[in-house]
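Residue strings, one per chain:
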Amino acid sequence: MTFKLALRNITSKPGRALATALAIAIAVAMIFAMLSFKAAVYDFILASETSASGAADIRIATTSSSSRIVDIGGPLDEVEGVGRVTPSLSLYATLGGEYVQVRGFRQGDMENLQDIELVAGSVDNIGIDQVVISKAAADKFGAGVGDRIELSLGSIKINFYVAGISQASGYFLSDSPYKVYGRIAGVGRLLGMPEQDSFCNEIYVEAADGYDVNDVMACICALPAYKDLLVQATGDNGYIEEQTSSLTAPVVLAGAAVFALGIAIIVLLFMMSEQEKVNLISRLSVVGATRGQLLGIFLAESGMLALAGVVLGAGLAVGIFTAICKFTLSMSVSYAISAGKLLGAMAIGFVAAIVSSLYPIFKSMRGSIRQNQLSLSAGGKLRFIIPIVVAAALAVLVGVEFGGVAGTAGTAVLGIVGIVLLFVLAATAAGPLLHAAASGMGKISDPTLKVASYDLRRNRRHARSVSLLTVGMTVSMLLFMAWSVTTDVFTGYVQDFSGMVFVSNVRANADVNEFTEVEGVSFATHIVWKQGSLKAEGVDKTVNVLGSAGALELADFEYMTPKDEVESLINSGKPYVFIDYAVQQLYGIGKGDKISLVIDDVPRELEVGGILRHRLFNGLYAVVSADVIEAQYGISPDTVLACVDGDMTKTVGALSEKFASRNYYVVEALEAYRWEMQSTQAVFDLVGTLAAVVTAFILAVGIAATLVGRSTEERNRVAYLNAGMSEGMLLGAEIGEHALVALTAFALSFVLSVPLTACLIHALRLFGLYFEFMYSEWVVAVVGIAMALGYTAVPLVFNFKKKYSVKRV
Amino acid sequence: MNLTKRKILKAATLVTAAVLAALCCIMLAACNKHKQNVEDDAALRQTSVTRVSNALLSSLGEGWEAGLSDEQILKLDDAGEYVVARGVADFAADILKKSELLTGKLKVLADAVESEDGKALLADFDSNLDRIVPIFNMVDFTRDDVSGLFYLLLTSLVSDSGNVMNGILARLQALRSLPGVGTSAGRASIDGAITTINSARDTLVPKGDAKAELLGALEGAKGAITNLIAFVYNMSSSAFTDEMLENMLTGDGALSDVTDAELSTIVNALSQNIVELKDSLTDSELEKLDKAIGLVIANFDKDFLPSALYSQLYAQVVQFAKYANMVVGVIPFMCDMATSAAELFKTTQFVEQFRTVVAGSADSDSVAYGLNTTIFASKIIVEIMNSFTRDKFVSVVNNIRAQGKADYQKTVPAIIIDLILNLSVNIGVENDEDLLLPVHKDIMDDSYLENMVNIIGFHFNIGKFRQTYYLYQNGLATLIDLVSAANRCNFEDLGAHNSVDLGSSVNDELIRLWYESYNVTGVSKVQQLNLALNEKICDDLIAFLDDYYNSPDRRKLLEDLANREFLTAEPDEETAQQYVQTVLDSGAGGFIILLSLLFQLIA
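Chains as they are written, first to last, in the working numbering: chain A, 1 to 809; chain B, 1 to 603.
Hints are not guaranteed to be accurate.
With a Cα cut of at most 25 Å, we get these calculated DSS-like pairs of lysine-lysine [unchecked claim]: (1) B/K322 - B/K211; (2) B/K119 - A/K157; (3) A/K227 - B/K405.
Hints in this document: simulated from the structure, not taken from any laboratory.
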């Protein structure tokens, strides 16, 4: 009987049941997306960073001070713990005027590290003059299987034939610059070497099963044959974790809000039909239903809806999230779907639905049967008091947070608290604000608006709708701001390199004057440009090491330590390092402090000689003189950084021509960073797409909630029509309601988005990201207006007028 | 079923059908595209080889265009040669088409042979097949391409030449049967070609068991043959050239300012070619190669030579086979010697000096240059001698001895080396007549060295003698040419006297008998003498080894010469004399001089 009643409740309003289930599904999908986002980005970055090394654990490579090529073979096979060894020859050449990375393997070794998934052609028995390129490269250079391409290195030009075209996976996942893969015997001809697979400049080693990679590396480093070569582990998990955290931090913070919103959606959804359920409970109580029976009915009803919703949500979650990842990040990376997270999202959705469905029973216990039947309830001044209290708390918090008294960590925590309070304010202030706006609208003489005003003030579902829409809109604005912040933060400083050129593959003893002689070059310096780890107490951060005193000329640094002092110290030859103000603020490291700077796995203690300030790399850089790097780490510069004050294209051309025969790679800094940023751009795309999808979800759920709530008011609409109101007027009133709700939500969320963004930026300091306030009002406005318009159009889109009926309900 | 449900079902059915239809279309398009790609590749391949064939044909004769009609062919004075050349060109095209060359390369080859440079290279192709190498270089042929192509040519000559000749013959006969068309010269040329092809078919085309045996031997020796060809091609196109050294040792070049370690890697890479060859020629591979070479020579080394291009194809194959036959037994040892010599190049100091010597070739008359080349040669010889023991050298000699017993041609390397060694010792003698006296008189008598010189002449001129007879028969050579060719074979000096006296009244029959006397009896006698010399020569070589290893003074002289710095300025007369005397006294003067001359030729 209980089950039958529950089923009858569901089937009596199929549209509402479907909307409820869909809304639950969407909420589950949103929760899952936010839970899985970081892991997906990690998978992608891991795949990109290890695209060259693939299955290998260790990479041995030549350096600027070692031999440029070495014999294949040697004592590696005798080292305990060494599994498969894959030598390769890697160099840069030009194809069609563009730099490409060319890599050669021995016969049969090409797929040792990565599988090559071909779109066309074959890599079996590839000849020495055959190569494999990516589909993107094939499209770019108009090359198909069997076509001839000419690669140039200095004055040497060699023709190759395309044997295969690969998907953007494996080696070609990170295809910027374009990759060309072939045989050592073929690629080596670009160096003027004979057609043999007997030499290389990189060796990839897989550790045998059961052996620790670090132990194997130590054994390799101990061999005289490799003492001058760089031996390092591939796929630095620490770096990848750090990179992932940095890129996903803004979205992770915003995702917490999405998470909460997802739960709130489910709760509010069930609350939409609260009054109807209370009425039903009272009627059933009159005919003798016990509390147990009532509980059973609602549990069964919400259980069925929730089950349908979470099952549908699971499919939606996996399908949509995987699709988003595949289309924005990469089609070929496998994104691990965590069963735990999926079940967690489903469980959260299910529990929230069940708990929400029990609220009407709880409410009915508070009122008498008559009160429940007549939907009488006390007005409740609490809904006005709560937002005022929250606003006051926020005011205090803002004062403390932005007053600079809390310290970096304190400010970050306050930022998070601020975000929470702002959402609470959005949720609680929207209702009263709507009430006030509706009152104002009621003063307008137009009868349509008067009806709308009356309904807005009388019917509590509108208060819930505006709360939901305001919070949803605010969350969407936050997500898009997170996308905007992420993109700006990681690419904004790139423009500062617009006047620079990298010349790499330079021997340490190259004369820098040869570069400044070229017309257009105003300054040139040898530089060691590497990534390192800055370690201090409680700090382990990856930084970009700018290894040259001349690095101070690269950008307009603000000198927090006097410039004279900095220049004097950096040229003293003593082990000083110069860090950014952001690092000082984040980690409390100041002038005179000792830190450990690790470069190529070699740690050295350096003293902080001064503080600089610039948005370069978001402050994650360390300036050290080249002499100190050579003395402390034994690393010689292999790059010349040239500043160009003339025509960039002409200067790059002149440099390329002058040094072509020496195989120097001349690349505009922006171009080099385009290569670096290519894979990160995919993450930006993911963030943007996720923001858009979640926004669509929120809007859909908001609309679904409205439809659900509206379905309980058919009696009221019939009453209006029976009283003589025209269908057009009724529709107008509904449109007016929607418009005012949307306007209220937009106004409130737009205002709150400013402090919300500020709190978000402060909160990011917990992730080691420090930067100044940035805000894109156009992003916020576009999101808000789009959602508002979408909500306003609901009566027209769903053709409310068609369902108007004068029949008695 | 209510209206809504019916609508939903209908919509679902339509959508499903549409999706299935779309999937089918996509699959069909993909399959079709694959098939289209395969067809396109086959068409491009055919077009390319046809273009190559036509270009080859055009290069062989004036007015020899592709696609001439029967009437146009018969109007050519050399109509018969045209038809034969057409057949051979098509045969070459067929080989290219069947080969594993990439279709893209065939297209590039076609473009190359149709270009002005390509036409210039093909201009003398029929008389100088070596022109093929620069053509291959123009189109980036790799060693694998060349070796694969050569092997395919070999097997095709065995398996398909019969069909090719039948096809040519059929065409010739068809043309001959056309009434009232063409010139008399053209028709005569057709008749001559028919006779030639008929004879060629009988003598040059292996049949039955012989064909099967030859194909089987070639199949068994495929690895060895292709490795050998690849090695030869690779060495001809990627030698350790001065340009490479220039790039490495100056500030320019991808591997500029090369270090000793890098130089070692480079030299190892160059030597790898040699190491690969040696590793591929195991005892069993050498045996198979030996057998295959022997069969090729036996089947194709004929007196008979049809048209120009055809004869060149066979002649080149036979020539390669004969050279290979001479050295096949000692290739592994020669590889070892080459890799040990390459060790010298692993220091930048030596390479710098080497470059200095090479630079001196600009003034080849300079005394310093000449002496420097002898110093360079000494360094090579000392490096080689220090890399091997006496026993190793002796085992190589005994290996030659064993092979020489079965095949007289394999004694040639031993003959050459022994001659040089004897000359090395005798080089300082005052009386020229004593130059050819053997050093070890207990092993050889006075006539031996002279016989050895004559045998060398015989080996390198017997083919020319046979060819001259054929040309004489066809009116393309005179009797004087024929007699001169015979004299160069040194038959009389080797005791192979001709029983036929040409005298004053010469006729074709007499000349034939005279030719047969030399070609059959004379050759047989020389071969017997060759085999008899084999033992003595090998004993003599071992005696020279004993001289070297038992004479510390001589070794020291050689090492002193090798350790000298290269001269940077012209020496005075006394110094020059001293150098020369040291060379002569070292006991290896012949080799030193030979190597230095070789170096001067290359530089």
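Verification of the supplied hints:
1. B/K322 - B/K211: holds, 20 Å
2. B/K119 - A/K157: holds, 24 Å
3. A/K227 - B/K405: violated, 55 Å
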